[in-house]
Amino acid sequence: MNVFNSLSRRVEALEPLADNTIRLYTCGPTVYNFAHIGNFRAYTFEDVLRRVIQFNGMKVRQVMNLTDVDDKTIRGANAQGVALTAYTKTYKDAFFADLKRLNVQPAEVYPAATDHIPEMIALVEKLMAKGVAYQSDDKSVYFKVREFPGYGKLAHIDFDHQQTGLRCAADEYDKENVGDFALWKAWEPSDGPVGWDSPWGRGRPGWHIECSAMSMKYLGETFDLHTGGIDNLFPHHENEIAQAEAATGKPFVKTWMHCAHLRVNGEKMSKSLGNFFTLRDLLDKGYTGREIRYVLINAHYRSGLNFAFSALDDARKSLARIDACVEKVGKWESGKAGTCAFAQKCLDDFTAAVNDDLNLPKAFAALFELVRETNAALAAAETAGFDAGEVLRVFRRMDEVLGVIFFENEKKAVEVPADVQSLLDARAAARQAKNWAESDRLRDVIAAAGWLVKDSKDGQSVSPKQ
RNA sequence: GGUGGGAUGGCCGAGCGGUUAGGUAGCGGACUGCAAAUCCGCUUACAGCGGUUCAACUCCGCUUCCCACCUCCA
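The numbering of the first sequence is the numbering used here, which starts it at 210 and goes up by one.
Any given hint might turn out to be false.
[Stated by the list, open to error] Derived lysine to aspartate or glutamate pairs resembling EDC-like cross-links, with alpha carbons at most 20 Å apart:
| id | residue 1 | residue 2 |
| --- | --- | --- |
| 1 | Lys537 | Glu578 |
| 2 | Lys362 | Glu430 |
| 3 | Lys281 | Asp324 |
[As the list claims (entries may be wrong)] Quick list of the computed label-pair ranges, beta carbon to beta carbon:
| id | residue 1 | residue 2 | range |
| --- | --- | --- | --- |
| 4 | Asp532 | Thr457 | 42 to 52 Å |
| 5 | Arg581 | Lys335 | 51 to 61 Å |
| 6 | Pro570 | Asp522 | 13 to 23 Å |
| 7 | Ser665 | Gln630 | 11 to 21 Å |
| 8 | Gly513 | Asn644 | 51 to 61 Å |
| 9 | Lys348 | Lys494 | 42 to 52 Å |
| 10 | Asp346 | Lys494 | 49 to 59 Å |
| 11 | Ala561 | Lys643 | 45 to 55 Å |
| 12 | Asp522 | Gly340 | 53 to 63 Å |
| 13 | Ala561 | Lys335 | 43 to 53 Å |
| 14 | Ser631 | Val318 | 48 to 58 Å |
| 15 | Ala338 | Pro402 | 28 to 38 Å |
| 16 | Asp628 | Lys268 | 44 to 54 Å |
Calculated from the structure, these hints are not laboratory results.
Think of the CB as a built atom: it goes at the ideal place given N, C-alpha and C, for glycine as much as any other residue.
My request is simple: use the sequences and hints to build the entire structure.
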């Protein structure tokens with residue numbers, strides 16, 4: 210399995226540092242609002258990543274943090290006059306519900322920042338002791354970027370040739386150097402009741418320290434893999450490296466992976482453009498989690514993904530075609546047991562694709578090749594004699610990574626209502642009598658009731674109209 | 001100003017120095033009482049201008065346009 214490492218900027222083999230287990234830290238949500246589909250591109254990318262690792266016979270220990278204390282959560286809680294924990298709980302619960310709708314496998318650990326304040330304070334103390342952090346006149350504690358020689362190695366930025374403060378007010382804080390970042394933020398009146406006591410006075414942790422403290426707690430001081438959206442590469446991940454490596458003197462993370470942004474109709478998603486969608490927005494429009502997942506994972510994670518509703522419509526049709534094929538294979542009982550050459554070929558192509566830096570579009574091409582070959586073989590049933598069980602096994606194997614074929618939590622069992630069933634019975638009788646006019650009329654009636662009738666040699670079948 | 005990534009057929013979206021990506025849409029045919037589904041075939045795209053090469057969508061240069069990051073947005 211090969212992946213692109215943002216640190217080396219090369220495709221490298223991903224091999225566990227220990228125990229045949231990939232220790233994976235994935236930057237999670239700030240729980241101040243419902244997550245949007247851009248966020249979910251990152252989470253589905255990480256889900257596919259962990260699935261491919263497992264597909265290759267390795268184990269995964271994934272940690273995803275929940276940032277439940279920062280400017281936005283504090284502002285939101287205080288604006289509503291509720292406790293921070295009560296405010297964030299709504300969005301934590303919503304987040305997990307959304308992940309489930311997208312068939313994202315749960316991480317092994319979901320640590321919340323507010324449950325790890327002591328660990329963060331301990332890490333800051335360590336950095337103070339090493340002389341790479343200082344408390345300024347504003348009582349906040351900052352990391353001294355100049356004291357960490359490797360600063361910029363992830364983002365590949367040469368800070369001697371940067372114009373800083375172009376986008377952000379540089380005079381906002383009382384820092385020695387504009388690049389220095391907050392490890393501990395001193396309490397301010399606007400924080401209201403939110404705050405923790407520390408050796409530096411009341412305050413709260415900086416954002417970056419949370420990930421360094423929690424990742425090292427659950428994964429060790431050096432671990433395999435750390436991921437997030439490309440926007441996290443700098444400064445967040447750069448700062449995590451600085452904090453962790455300055456504290457431990459050891460390499461922090463071996464491999465970094467970042468996914469590109471999602472755009473909507475070619476533009477950055479933003480509320481002012483009116484193209485800002487939460488998962489809930491799309492579900493309300495009638496799209497399913499399965500269809501959304503299909504769209505999100507059907508582009509290479511390092512390429513910008515241009516999201517459009519037409520893509521969801523295409524996804525619906527593509528999935529229906531896969532479903533139809535899988536259903537037919539499931540019903541097909543071939544006498545021939547053993548191997549299936551075309552299925553094996555498709556699985557080989559699929560495996561090569563996912564192991565080539567998670568090339569999901571290519572993997573899907575292998576899946577559709579299997580669909581096409583299978584349909585062709587089924588159409589030529591008498592002479593085919595392939596092993597249907599083998600084909601089904603390959604579909605299942607592929608779905609270990611894709612998670613869109615056997616999407617059980619949304620492929621609800623189809624129950625035909627009694628009134629539709631009686632119409633079907635009447636239609637069957639009409640067809641028996643070759644009364645085509647009545648047969649067609651009943652088909653229309655059934656269609657009006659929301660069901661699609663198909664005729665075949667074996668009689669009629671119905672499925673809910675999409 | 002600095003850095004990085006892009007511009008592929010109606011739409012989405014891979015890829016590689018010469019061999020079909022794939023999906024969806026469209027067209028024609030087979031099958032079907034008619035549909036639907038399925039199968040077969042077709043429609044042969046790589047921003048523009050130069051250059052390298054026997055051969056470039058794929059390498060190099062320039063131009064145009066887009067996106068991201070440059071200190072707390074996945």
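| field | Cβ separation of Ala561 and Lys335, checked against the hinted range 43 to 53 Å | value | 45 Å, holds
| Hint check for Pro402 and Ala338 - Cβ pair distance inside 28 to 38 Å | Given about 31 Å between the Cβ atoms, the range holds.
| request: Starting from the hint 45 to 55 Å, judge whether the C-beta atoms of Ala561 and Lys643 obey it. | output: Roughly 52 Å apart at Cβ, these two residues keep to the hinted range, so it holds.
| message | Given a hint of 11 to 21 Å, does the C-beta separation of Ser665 and Gln630 actually sit inside it? | response | 18 Å, holds
| task | Mind checking the alpha carbons of Lys537 and Glu578 for me, to see if they're no more than 20 Å apart? | result | Within the cut-off at roughly 16 Å; holds.
| Do the alpha carbons of Lys362 and Glu430 lie within 20 Å of each other, as the hint requires? | 18 Å, holds
| field | C-beta pair Lys348, Lys494: status relative to the range 42 to 52 Å that was hinted | value | 48 Å, holds
| task | Return holds or violated for the Cβ distance of Arg581 and Lys335 against the range 51 to 61 Å. | result | At roughly 59 Å between Cβ atoms, Lys335 and Arg581 fall inside 51 to 61 Å, so the hint holds.
| In this structure, is the beta-carbon distance linking Pro570 and Asp522 contained in 13 to 23 Å? | 18 Å, holds
| message | Is 51 to 61 Å respected by the C-beta to C-beta distance linking Gly513 and Asn644? | response | Because 56 Å falls inside the window, the suggested range holds.
| query | Between Asp346 and Lys494, does the C-beta distance stay in 49 to 59 Å? | reply | Given range 49 to 59 Å: holds, Cβ gap about 52 Å.
| query | Range hint 53 to 63 Å: satisfied by the CB atoms of Asp522 and Gly340? | reply | 59 Å, holds
The structure meets every hint from the earlier list without exception.
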